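Go by the hints and put chain B onto chain A.
Now for the letters of each chain:
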Amino acid sequence: MPNKDTIVDVPTVNKIARLSRLDIPEVNKESLTNDLNNILGFVAQLDEVDTSNVEPLASVTGHKLPLRSDDVNDGNIEDLVLKNAPESSSGFFVVPKVIE
Amino acid sequence: MSELLDLNLVEASKALKNKEISSLELTKAYLKSISDTSSLGAYLEIVEDKAITMAKESDKKLIDGNARPLEGIPVGIKDMFCTKDIKTTASSKILENFIPTYESTVTQNLWNDGAVILGKLSCDEFAMGSSNETAAKGNVINPWLKNKKMSPGGSSGGSAAAVAARSALAATGTDTGGSIRQPAAFCGITGLKPTYGRCSRWGIVAFSSSLDQAGPLTRTVSDAALMLNSMAGYDQKDSTSANLKMPDLMDYLDKGIKGKKIGIPKEYTQNGISEDIVNFYEKSIAWLRDEGAEIIPVSLPHTKYALPAYYIIAPAEASSNLARYDGVRYGARQEASSLDEMYELTRGNGFGDEVKRRIMIGTYVLSSGYYDAYYLKAQKVRRLIKEDFENVYKKVDYILTPSTPTTSFELGKKQDPLTMYLNDIFTVPASLAGLPGISLPVGLDKSGLPIGIQLIANSFDEAGLISTARVLEMSAGFNFIADGAAK
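Residue numbers (this note's numbering), protein chains in the order written: chain A, 1 to 100; chain B, 1001 to 1487.
Note that these hints are calculated values from the structure, not bench results. In this text, all values refer to a predicted model and were calculated from it rather than measured experimentally. Mixed in with the good hints there might be a few duds.
Pairwise CB distance ranges, derived in the manner of DEER restraints [as the list claims (entries may be wrong)]:
(1) S59(A) <-> P1247(B): 18 to 26 angstroms
(2) N73(A) <-> D1290(B): 49 to 57 angstroms
(3) V54(A) <-> K1266(B): 31 to 39 angstroms
(4) E1011(B) <-> N14(A): 23 to 31 angstroms
(5) Q1415(B) <-> V98(A): 50 to 58 angstroms
With a cut-off of at most 27 angstroms between alpha-carbon atoms, the simulated DSSO-like pairs for lysine-lysine come out as follows [claimed, not checked]:
(6) K1087(B) <-> K1017(B)
(7) K1061(B) <-> K64(A)
(8) K1260(B) <-> K1087(B)
(9) K1283(B) <-> K1255(B)
(10) K29(A) <-> K1093(B)
(11) K1060(B) <-> K1255(B)
(12) K1084(B) <-> K1028(B)
(13) K83(A) <-> K1137(B)
(14) K1028(B) <-> K1017(B)
(15) K29(A) <-> K1414(B)
(16) K1394(B) <-> K64(A)
(17) K83(A) <-> K97(A)
(18) K1084(B) <-> K83(A)
(19) K1084(B) <-> K1032(B)
(20) K1261(B) <-> K1414(B)
(21) K1028(B) <-> K1087(B)
(22) K1255(B) <-> K1084(B)
(23) K1032(B) <-> K1487(B)
(24) K1137(B) <-> K1413(B)
(25) K1395(B) <-> K1266(B)
(26) K64(A) <-> K1245(B)
(27) K83(A) <-> K1014(B)
(28) K1245(B) <-> K1266(B)
(29) K1413(B) <-> K29(A)
(30) K83(A) <-> K1087(B)
(31) K1093(B) <-> K97(A)
(32) K83(A) <-> K1237(B)
(33) K83(A) <-> K1260(B)
(34) K1014(B) <-> K1087(B)
(35) K1304(B) <-> K1283(B)
(36) K1258(B) <-> K1394(B)
(37) K1019(B) <-> K1487(B)
(38) K1395(B) <-> K1260(B)
(39) K1093(B) <-> K15(A)
(40) K1137(B) <-> K29(A)
Each residue gets a CB set at the ideal place from its N, CA and C atoms; glycine is no exception.
Bound-form chain A, shown alone (with noise of 0.2 angstroms):
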């Protein structure tokens, strides 16, 4: 991990902004790149500890992940499947036009 003060800068934040699809107020940006960078540096405390050999955990169940048979348990819900969508039509969800 890079060093803790300077870890994220504005152009930086202008990137994850970018790729998190969320737009962010000019004017927020300095004090949103000092919130990211204290968490950063206070996450970067995990350097300290010694993880060679050690395998990564993503799941605390340590069953797999159980399998069914590939059957259709639900369907025909078109109408409430397109209830809370902001814009639908003729049974489709309606986004702005994406081609010309």
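Coordinates of chain B only, in the frame set by chain A:
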């Protein structure tokens, strides 16, 4: 009315079954409480008509002698649980008009067992917070020292405040890093986070899927046992749901702790912890020893790294889970001329600051070039933390710790995000290890605020956790009622 509110869940259930009271009068008493304590802001949505209908159905079952385990018991539901045809917002502006078309498994389990819904309870936005201040509709006030406007804790702040204020006989919560146990401690009530996998996550708004777990917030340990009996259970719809039968927890209330070994981890008594909490922690140790437990000093050497590991793993999972709020399928949308701009404005406008911070952190630690240094590193540390617990459970049966380093704090005091994160320093380690934990009130500090003590058990030993917590509860004899509670 007040006699009805004096009954805890187990007592009310008995009175209902003995036909000394009806669910309708009990439910009406709670609806009145909700209105009497509305200044606390615990409820986001009150479903009076539905409550009355369900109470009447319960009364029929009670009269017919067909009462189910929670028949006629009025409960509040944290707004993270999807409730069919009842608005579910996760305290976020982006879901302000979301009305689920399905019911979460945990709430369905409650209704199948006869519980009556009162309404939906406020929480931190998407359960991200430790003070309930990140809720889009504003904070919740702790019923303790009501006029001082203290935080109920978070993220299940509305749930904890409602139970403490007697505007719900019990409530559901969710706990990712302490969101049941910390507010329970701040509000002088009992909060139980079960083993990861015990309660189905299906239909619960997802925050950090490898950590999220539902559990009850109640007045007493036996109330928690009765609630969890109904909430828990295997569910095919959650791939991490444990296919293990949980014993009837009510059978374990009076088992005692003679000969049980209680571990006292040295890492939980270091700097920054309030003196009053240390005093009550020491008293709790003495009480358990007096009841026949053997007290054993233990060490969980990676405790210090739990919080930094958590603040990589939880935001990483959150950034992925919250990608679904895109203004297309559900939730609010900000109109824009292009799709990308629509996503950015919708999410920028719909999420609050803390949620945005966590999405940003999560996106950063998962991004190309940083994944190994942050995310993979945190997952490795998570294993070391889990192994710490596994080693200790070779020597002891339960671990006793304070629930929080301080008691509640005043709302509105501007804190930087990191200071706020430190609230969960004692609850996060058990979350990372997936272990069941319970916080129960054992006393008041000098200013009159409740102090919570946490017991942590080994995986799937909720039964033993209940036995031990019950002993501590009897010894502590905490019988104070918040000044802001309904009379």
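The hints, checked one at a time:
| no. | hint | result |
| --- | --- | --- |
| 1 | S59(A) <-> P1247(B): 18 to 26 angstroms | holds (25 angstroms) |
| 2 | N73(A) <-> D1290(B): 49 to 57 angstroms | holds (54 angstroms) |
| 3 | V54(A) <-> K1266(B): 31 to 39 angstroms | violated (23 angstroms) |
| 4 | E1011(B) <-> N14(A): 23 to 31 angstroms | violated (58 angstroms) |
| 5 | Q1415(B) <-> V98(A): 50 to 58 angstroms | violated (42 angstroms) |
| 6 | K1087(B) <-> K1017(B) | violated (32 angstroms) |
| 7 | K1061(B) <-> K64(A) | violated (41 angstroms) |
| 8 | K1260(B) <-> K1087(B) | violated (46 angstroms) |
| 9 | K1283(B) <-> K1255(B) | holds (21 angstroms) |
| 10 | K29(A) <-> K1093(B) | holds (21 angstroms) |
| 11 | K1060(B) <-> K1255(B) | violated (35 angstroms) |
| 12 | K1084(B) <-> K1028(B) | holds (22 angstroms) |
| 13 | K83(A) <-> K1137(B) | holds (24 angstroms) |
| 14 | K1028(B) <-> K1017(B) | holds (18 angstroms) |
| 15 | K29(A) <-> K1414(B) | holds (19 angstroms) |
| 16 | K1394(B) <-> K64(A) | holds (25 angstroms) |
| 17 | K83(A) <-> K97(A) | holds (21 angstroms) |
| 18 | K1084(B) <-> K83(A) | holds (12 angstroms) |
| 19 | K1084(B) <-> K1032(B) | holds (24 angstroms) |
| 20 | K1261(B) <-> K1414(B) | violated (42 angstroms) |
| 21 | K1028(B) <-> K1087(B) | holds (22 angstroms) |
| 22 | K1255(B) <-> K1084(B) | violated (39 angstroms) |
| 23 | K1032(B) <-> K1487(B) | holds (10 angstroms) |
| 24 | K1137(B) <-> K1413(B) | holds (18 angstroms) |
| 25 | K1395(B) <-> K1266(B) | holds (15 angstroms) |
| 26 | K64(A) <-> K1245(B) | holds (18 angstroms) |
| 27 | K83(A) <-> K1014(B) | violated (42 angstroms) |
| 28 | K1245(B) <-> K1266(B) | violated (34 angstroms) |
| 29 | K1413(B) <-> K29(A) | holds (22 angstroms) |
| 30 | K83(A) <-> K1087(B) | holds (13 angstroms) |
| 31 | K1093(B) <-> K97(A) | holds (25 angstroms) |
| 32 | K83(A) <-> K1237(B) | holds (22 angstroms) |
| 33 | K83(A) <-> K1260(B) | violated (54 angstroms) |
| 34 | K1014(B) <-> K1087(B) | violated (32 angstroms) |
| 35 | K1304(B) <-> K1283(B) | holds (25 angstroms) |
| 36 | K1258(B) <-> K1394(B) | holds (18 angstroms) |
| 37 | K1019(B) <-> K1487(B) | holds (23 angstroms) |
| 38 | K1395(B) <-> K1260(B) | holds (11 angstroms) |
| 39 | K1093(B) <-> K15(A) | holds (25 angstroms) |
| 40 | K1137(B) <-> K29(A) | holds (24 angstroms) |
Hint compliance for this structure: hints 3, 4, 5, 6, 7, 8, 11, 20, 22, 27, 28, 33 and 34 are broken, all remaining hints hold.
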